[in-house]
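S.K.: Could you build the full structure based on these sequences and the hints that come with them?
Protein chains: 6
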Amino acid sequence: MSLAPMIEYEQASPEVRAVYDEIMAARKTDWINNFWKVLANDPATLRRIWENVKQVMAPGALDPLTKEMIYVGVSITNNCEYCTYSHTAAARGKGMTDAMLHELIAVVGLANETNRLANGYRIPVDGRFIPNS
Amino acid sequence: MSLAPMIEYEQASPEVRAVYDEIMAARKTDWINNFWKVLANDPATLRRIWENVKQVMAPGALDPLTKEMIYVGVSITNNCEYCTYSHTAAARGKGMTDAMLHELIAVVGLANETNRLANGYRIPVDGRFIPNS
Amino acid sequence: MSLAPMIEYEQASPEVRAVYDEIMAARKTDWINNFWKVLANDPATLRRIWENVKQVMAPGALDPLTKEMIYVGVSITNNCEYCTYSHTAAARGKGMTDAMLHELIAVVGLANETNRLANGYRIPVDGRFIPNS
Amino acid sequence: MSLAPMIEYEQASPEVRAVYDEIMAARKTDWINNFWKVLANDPATLRRIWENVKQVMAPGALDPLTKEMIYVGVSITNNCEYCTYSHTAAARGKGMTDAMLHELIAVVGLANETNRLANGYRIPVDGRFIPNS
Amino acid sequence: MSLAPMIEYEQASPEVRAVYDEIMAARKTDWINNFWKVLANDPATLRRIWENVKQVMAPGALDPLTKEMIYVGVSITNNCEYCTYSHTAAARGKGMTDAMLHELIAVVGLANETNRLANGYRIPVDGRFIPNS
Amino acid sequence: MSLAPMIEYEQASPEVRAVYDEIMAARKTDWINNFWKVLANDPATLRRIWENVKQVMAPGALDPLTKEMIYVGVSITNNCEYCTYSHTAAARGKGMTDAMLHELIAVVGLANETNRLANGYRIPVDGRFIPNS
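Residue numbers (this note's numbering), protein chains in the order written: chain U, 1 to 133; chain Z, 1 to 133; chain F, 1 to 133; chain L, 1 to 133; chain V, 1 to 133; chain P, 1 to 133.
Simulated from the structure, these hints should not be mistaken for lab results. Please note: incorrect hints may appear among the correct ones.
Unchecked claim - FRET-style restraints, in silico, Cβ to Cβ:
#	chain 1	residue 1	chain 2	residue 2	range
1	U	E51	L	D21	53 to 59 Å
2	U	E51	V	D21	48 to 54 Å
3	Z	P124	P	P64	31 to 37 Å
4	P	G95	U	G60	38 to 44 Å
5	U	G60	Z	T29	28 to 34 Å
6	U	D30	Z	D21	55 to 61 Å
7	F	R27	P	G93	36 to 42 Å
8	V	E10	P	G93	52 to 58 Å
9	F	R27	Z	P124	47 to 53 Å
10	F	A18	P	G93	32 to 38 Å
11	P	P64	V	G93	23 to 29 Å
Every residue gets a Cβ at the ideal spot worked out from N, C-alpha and C, and that includes glycine.
M.R.: See the structure below:
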């Protein structure tokens, strides 16, 4: 049904299995979700995206839960059904409660509204908001 | 230059001034940014949006900085110049460092990429990600 | 500054002039706005888009002002600066008042918010809303 | 299946029931659609959004049908399936005919096309379109 | 289930049949896909969109396969499920291989990421990139 | 004016210079455009994005010009001003003519229109378009 078939571990080439093994180890789980199984049709992209995710989502100045919630906010705004479900699940796994989910969605909704009020009226940016202006 | 003129405090009606006063008191500042000055052409909307912002952005299960960063993430995704500048400034006022801004933008960028990988391949959502499925 | 230069009437080929003449006649005006001057670099597209606009924006089951306001609502949602300014001006020329503009932008803002609430929570469509379901 | 369960009237708290009662009274109907049943998981948002909808969608300088059609135009542009179905149904309830729906969708389609022509060529806004410029 | 019923050839008016006949002849096929069957409820739009598609997608400075792949890239970015499936099928019919599809989706994903990095940081355009600047 | 300052070669750290050197060598040029100068504030992202661009935009099943044109199509759809200018310039450097640019923009415009016609009418995908369905 997807534009490329899902590659199961058993059928996977060694380079794909290597990525699957890393994902399962990093996530302390024994299954691979469909996103990676479809990307596996293009092993270079599978490896590349996994490396990106590892780097970007690692703990840093922002904690992993905050990063997941920003990810969910973007995914909702873009209407990515897959990503909304999968990153909401990931955020729950990192401690997001029901109350936090409701507040997250409320912020996303309001931001989408005021984005259009600002763009609709073509409001000029205040000089004080622009760094080094 | 905007589609409606900016209403300064001096010219404002009492109902508009009442909102301006609340905004300045809540933010402990003595100026009003352009967003509100343009909304003031439509006092019912000015009041309504201010009430929404107060409710949605108040501390709750999520802290105000996390909320601002989600706001920035949505605004970048929608390419709202005004909102990106103003909510980045607000987030900095609440403690966002340079390192946090870089990580925030990196997450937003990556989410926009993987949103299209998932939508592009039309990847079916894993049953485990769907609550009560 | 645009990706293609603006073609003025004086420099224009006969086929471009023919479209310009039709636009000015239809709009009872003596100037051509930049949108058409840039499309004129690709005369087939200039002719095609003008024919589309004439057909779609003609009075029909919806009056021209309602059509212009829907056009503005889409342009704001997509953040098209050119189209927001130009179709707002067109709507004003067809009778849109300040109060109507404010209500239009308020609807656009709210729709953008509730669109994300519905998409964010992944709310299933009620059977009653689906024709012939 | 949605990210939060649907709250039926029978299970609802008094504050949620109060909003449900207002919605049914305002719409002269005896059922509540899924949008509100999911928002009811977050009663403050349920109340807030209902107040927003009442204010923004009330008859004013624009009639309710025109507002619904603008709402549909935004929802199509953002690809909100839920909102496209529900607001089309609402517009039909307010008198939208088949012919009006076809023209509405045609305007939305064309606006999305010319938005990209204008943005694609990076066409500068004509000074005459900018108020007070 | 769609907002307008599908018009089969047998029920179609002569003007709709004329377009269907042209589509089948141009595509050397004996069936009509759902897109056209739904547009057929609005024969003027059916005719107009078919004329647009014929003109825009014809071989020219770009070959038809390149055009189809650009079409797919836009459709993925906008999350149009129908268009992603139908134009991917069209591109395959014109010679797109699995490897080409993977590279196409990879480019679309990356472009969506860097679009947000550029918009997020509000990076000013280099003068050298602007024609005639 | 951007949210982070531009890092010139002279001020850059060795790790940033290393990426700048690679970019200039790969592109056979002696300057660095603003995109990279701003990313340089976050050296890990600078390195990561450059590695992604090198991998994704390399010649493969698709030639580099086709990839650039898909990139432009996405950037126009998302209204990324920076990316539209910079990738149009890149495409011209790889041989895109005026006629090709016009056709590219025409395809992008039309795809954006038909995306909304398909989403607006909620047209079901034909079974024949879905692989392995």
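S.K.: If a hint holds in the structure, say so; if it does not, say that too.
M.R.: Going down the list of hints, with the structure as the test:
Roughly 54 Å separates the CB atoms of U:E51 and L:D21, a value that falls within the hinted 53 to 59 Å. In this structure the supplied range 48 to 54 Å holds for U:E51 paired with V:D21, their Cβ-Cβ distance being about 52 Å. Here the CB-CB span from Z:P124 to P:P64 is close to 33 Å, well matched to the stated 31 to 37 Å. Checked against the hint of 38 to 44 Å, the pair P:G95 and U:G60 passes, with Cβ atoms roughly 41 Å apart.
For the pair U:G60 and Z:T29, the beta carbons lie near 31 Å from each other, so the given range of 28 to 34 Å is met. Between U:D30 and Z:D21, the C-beta spacing of about 59 Å keeps the proposed range 55 to 61 Å intact. For F:R27 and P:G93, the Cβ-Cβ distance of about 40 Å falls inside the hinted range of 36 to 42 Å, so the restraint holds. Evaluation of the 52 to 58 Å hint for V:E10 and P:G93 yields a pass: the beta carbon distance comes to about 54 Å.
A beta carbon spacing of about 50 Å between F:R27 and Z:P124 agrees with the range 47 to 53 Å that was offered as a hint. Taking the beta carbon of each, F:A18 and P:G93 are about 35 Å apart, inside 32 to 38 Å as hinted. Restraint check, P:P64 to V:G93: a C-beta distance of roughly 25 Å satisfies the suggested window 23 to 29 Å.
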